[in-house]
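**Student:** Chains as they are written, first to last, in the working numbering: chain A, 1 to 441; chain B, 1001 to 1829; chain C, 2001 to 2218.
Think of the hints as simulated: they come from the structure by calculation, not from any bench. Glycine included, every Cβ here is placed at the ideal spot set by N, Cα and C. Check the hints yourself; a few may be wrong.
[Unchecked claim] Pairs of lysine-lysine residues, derived as DSS-like cross-links and limited to a Cα-Cα distance of at most 25 angstroms, are as follows:
| id | chain 1 | residue 1 | chain 2 | residue 2 |
| --- | --- | --- | --- | --- |
| 1 | A | Lys25 | C | Lys2209 |
| 2 | B | Lys1424 | B | Lys1054 |
| 3 | B | Lys1454 | B | Lys1424 |
| 4 | A | Lys33 | A | Lys150 |
| 5 | B | Lys1152 | A | Lys360 |
| 6 | A | Lys192 | B | Lys1029 |
| 7 | B | Lys1054 | A | Lys192 |
| 8 | B | Lys1448 | A | Lys192 |
| 9 | B | Lys1728 | B | Lys1709 |
| 10 | C | Lys2177 | C | Lys2209 |
[Stated by the list, open to error] Pulled a few chain C residues facing chain B out of the computed Cβ check, cut under 7 angstroms:
| id | residue |
| --- | --- |
| 11 | Ala2060 |
| 12 | Phe2186 |
| 13 | Gln2195 |
Here is how the chains run, residue by residue.
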Amino acid sequence: MTDLTPVLSATWGSPKSWSIDTYTKAGGYGPLKKALAMEPGALIQAVKDSGLRGRGGAGFPTGMKWGFLPPDDGGPRYLVINADESEPGTCKDIPTLLSAPHTLIEGVIITSFAIGCNHAFIYLRGEVVHVYRRLMQAVREAYEAGHLGKNIHGSGFDLDITFHAGAGAYICGEETALLDSLEGRRGQPRLKPPFPAVAGLYARPTVVNNVESVASVPAIVDRGVEWFTGMGTERSKGMGFFSLSGHVTRPGQYEAPLGITLRELLDLAGGIRAGHELKFWTPGGSSTPIFTQDHLDTPLDYESVGAAGSMLGTRALQLFDDSTCVVRAVTRWTEFYKHESCGKCTPCREGTYWLTQILKRIEGGKGTQADIQQLLDTCDSIAGRSFCALGDGATSSIISSVKLFREEYEAHVEQGGCPFDRSASALFEYSETPATEEAHA
Amino acid sequence: MTATADKSAAQAVETVTLTIDGTEVTVPKGTLIIRAAEQVGIEIPRFCDHPALKPAGACRQCLVDVASPGPDGNLRAFPKPQASCTMTVTPGMVVNTQHTSEEADRAQKGVMELLLINHPLDCPVCDKGGECPLQNQAMSHGRPESRFVDVKRVFEKPLALSSEILLDRERCVLCQRCTRYSKEIAGDAFIDLQNRGAMQQIGTFDEDVLDFDGYRPVGAAAEDEAGRAFSSYYSGNTVQICPVGALTSAAYRFRSRPFDLVSSPAISEHDSSGSAIRIDHRRGAILRRLAEHDPVVNEDWITDKDRFAFAWQNLGDRLTRPLVRKDGELVETSWPEALAAAAAGIRAATAAPDEDEEAPGAGVLVGGRVTLEDAYAFQKFARVVLGTNDVDARARSASDEEQAFLGSQVAGTGLGVTFGELEKAPAVVLVGFEAEDEGGVVFLRLRKSLGRQKIVTVAPYLTRGAQKLDATLVATVPGREASALADLPADVRETLAQPGAVIVLGERAAEAPGTFTSALDLASSTGARLAWIPRRAGERGAVEAGALPGLLPGGRAVSLKPARAAVAKAWGVEALPSAPGRDTAGILAAAAEGRIGALVVGGVSASDLSGDVSAALDAAGFVVSLEVRRSHIAEAADVVLPVAPPSEKPGTFVNWEGRLRSFVTAIRTDAMSDHRVLDLLAREWGVELGTGTVEAVNAELASLGAAGKGERPAAPKAKAPRPSRAVKGTAVLATWHQLVDEGALQEGEPYLAGTGRVAVARLSRATADALGVAGEATISTAAGSIDLPVVITDMADGVVWVPVKSPGSWVARDLRVTAGATVSVKGAA
Amino acid sequence: MTYDESTLAQLEADADAIIARYPVKRSALLPMLHLVQSVDGYVSPDGIQFCADQVNLTAAEVSAVATFYTQYKRRPNGEYQVGVCTNTLCAVMGGDRIWDELSEHVGVGHNETTEDGTITLERLECNAACDYAPVMMVNWEFFDNQTPQSAKQVVDDLRAGKDVAPTRGPAKVCGFKEVSRVLAGFEDGRGDEDQGVGAPTLAGLEAAKRQGWTEGSK
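Assemble the whole structure, with the sequences as input and the hints as a guide.
**Tutor:** What follows is the structure, given as structure tokens:
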């Protein structure tokens, strides 16, 4: 049994956990002082050595990303925090910021110092107003405590943080779309190259990091590289949040070493909803191909999940038990991608428009066997063709579910409707009435 | 000179060699795969890609398979097809397009299918049908039948983005060429992507379309003073670059099928740029005009005037037969009778009334829109047949200083500053020249260098066009340009000292005494080059041809004997008239006073002249008009000789660069060129003018060549005027033409007119307060007045700006003054 | 433009404060659109023009941005934006049913506002609270673990003018305009207000404790 490793979440149970006092009493901002005494290059090296990989989904090595910045040319360079947590199933950065925003602030200061940035930005999705309150307050507290501003703690290092609320667009989680959005534009992904490290925010060298990645930095500085590399697997080091949601007894945030399995996590979380069995689940959010019971023992690290045909993503484990119609689940995800497609490229914009119609037809019992093949063909015209990964993500659940549950699609076609009782999968009791069956459509 | 530049550049270019579909190709480093493929004749389908726009990678139609050598030298394939419009070539890269890669072909077919699922099947009624990239590629790459059985996206159609530009949203493939063009090239971001995802669409801020609650806003950042959307002078280019039938023009919509049209190359008659255009016509009628790609002049773009203003020549008042006044009425007649009547009339009107009285002379007024050959014929006719130097092609403000400048610096100097050099100039100072209003595609060239070029404009205020160039304003009261140039800030002088810097003088430089002199001083002290960019298409040609009172062909001065002798010899005449000629205003004044008995007028709009044209026409004993249409002057003439519009004749416009822009007959009609008509008319005097054909004129021009030593006029030396004391209740008039206005060649095109800017009077806050003006102003002179809404503008104090010839603001006709005049301004009642 | 002088002056002062946060003016556009919503209750055409003037854009460029993001409303919004998450996980856990019953109860559909102007209903996409499914958001405050009954009660209380507390968040849900001002980046002093941490947020910590982990252990 793998032990959980609360690090970022360690103080979440403390009274007024979000305040700078609570955070400081628990040792917060100690790592900052330690970092400010170090050479920036040594900090970058430490993060490289720690093997920390981006916690926003892609898993790109964080230290390497920092190292891509070109040499200082005297002009500004920026750190931008991606707090646009929107991937369905992903719900780790929001509680982090609500309960312990200073973990991020301290990480931002250390990271900025390491990469030579004097102006950092935190881009928070706009639909979480209390989180924004806590974030703004934390930034203010950090200024008041002298952790931000000019000549921080006599180090000669200056840093300002600008907080920024988005306005409702999933695509802004894509780092170049986020940069465009932060520049006051439509959040549509940019052409790469140039990569943000070379020409990012305001066409200046920019590092874009996820909340959890940067929030992990103070602990690495504090406890050392070996402590961090002591957790996780060969190429997936350290701890991370595993966000369990859905048909699970105790859903929530489980901070554990990478490589833990769903079976272990379910043990800790009280198992699947009583009286039911796990049917399918996403290892890393709705953009990752779905898994089944067969993958209960797949180590949840980048390599093992990849080898099993999916992606670790944001470790957003959405669990669905046997009461759930997979066609319904996939249809709804596809509607989401259609809703969130930015519209820039043809495959994603038109493809999700088409997929949604086919899926709704199948789910509503008006599909044909040919439609199932059309789904796969249309996915083939999107995956690997779209401008950014959103298009690929839109096809993941479709392709994987047709592969794993083709007979369920066929059942919808054959029976002329959905064979499942929706009320059975809800977490509260109700009886399905025919009128409301159609109401959602 | 550009050839050498290109050559030296080519030597420095680093190249990359790669393989596309098995063919090795070497291209400059940084070339996109799609361009490299074009080099070897491999066409990769595309929609969003446009060579003049930054890569977008949006449509994904151009996906190809790519492999490139890794660090170990072994070829490594990209895991998925790459957009060839965004990826640059690398050494040893291997590209397989749809021709050689099944994967690329499948990817392209998939994208094509997706592009078509929401596309309407209205090709039979679509303007683009027959010349549509989507249609063509659907035929070559698409499925014969659609697999899409669901609900298509539908929109209300069409949306009028402006009176001219219409949008059928359901046809749009969202390639964003139009919005990218509008932002990157024209600088007019009046359209942008609206909404998101499947509902994304191109559009203006239109509350109804976007479902906003409220009313149409008007404010400082609104599209123009009228709050009108998409009022861009260059909007028509979006129609041309649209790869589908989403953007259409109101003028052409449903008018024709491309395969029914005959296309002829031409040169636009609308400004001095000499933009290459294509005229599409059917059974003698022009249906539309398009930009032709001309890399050295207009690149891919033309103005909306170039594109849409062609109705003027086929309006109901088109002249097809000669007219002779009989019993007070103009009646149609034969050519022989008309020519005889014209000659007889001129002879009679220029005969001395009595033996001891001086014979009144004849004068020739030429509009600035005629071709080089026509201008040459007019001046030769004046000098050889009529024996006068009273000939002027400057139907606008003109000065002797300007003439000295043109004679000494411009005429017969060949290719001067070019478009390319203007684009590359590190610094450009604009004087008496609003690039967007008066320069046509010159503005686009300057804007192309945005961020790489320092632009300074000597003007009363920073126009929106100048703002789009990020220009620095040297706020100047009209008439005081010479002093402004003399007193330029040190940093501006420094930028002008950089190699390649240019000072641009517009036609309005002639309105401000001392400007040419001051500009020459500035050029010689800084090393900057000078470029004269007049507004009208025929201006430079007229200068070359010598259709100015003091200039003979090739920049020879009338006042210099060797110059006259050289021309006389070439023409085979004993001598040329030596008496100094009068300019346009002088000719009109002399005619009004009875000192000129006969006028020959070609291509002049009376309403462009601030002089009293009616008085001159009334007083002159005999008026011969060479015109395309029954103009105001034609109506007052005694003999009217119909001539051909540019599309119906061959000829040459000399553009501002000094580049010869020759064109051939696009539409064959009976109409004759001015030079041919003048050749025939000269025969009535027994003179062989030798201007019967374009070839004859050009041969003669070539043999004449440029002015030799001692034949050119001296450079001007004019003084800047002293500032006059401000008089209470008055302001100094600033005025110039808007590109889209009520000019004669824009008549008959209401859709274009609808995109013109609303006429306003501009005053600074201080000036408006001092004058007690708010809301609406009355600007007046002794001759008349104009009422216009006031827009408070950050501008030179003591100045009022109004457009020259926009709806409700006809300065020459109604105020009879030009820029720099003092006018009274008061609040309108 | 129809803003009265004092409104305009306040808007301009706020806009200046927003612009001052960024090295490049245009970055202020998103918060400025939130600011417009805090004054007009939606992104009004006046507000579009105001923003265009502030950051030197055309109205088309501003509406291009305003119509891209779902939080910007084009019609006067209800005092309370009530969103029911109907993305897959919440929908399956009961969000669909909550939506159906709530929509029927309130009498308006997606992106529609009740006649009294109190409630605008919306079908939400994932709001990053999946461990609290099914989730409802009222003016972007968390209402976790909802049932049709609890959701209807919240809306009834809001319509009755009662203060309603979210399950996680401040002491009460503020009005749409007030919340929009917060999103424009202006603190409202409610950051310390709290309804307690939810069980899912602490689930891992509790489990770790059961495993013997203690705070401060490494």
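**Student:** Can you list which hints this structure breaks, lowest number first?
**Tutor:** Failing hints, ascending: 9, 10, 12 and 13.
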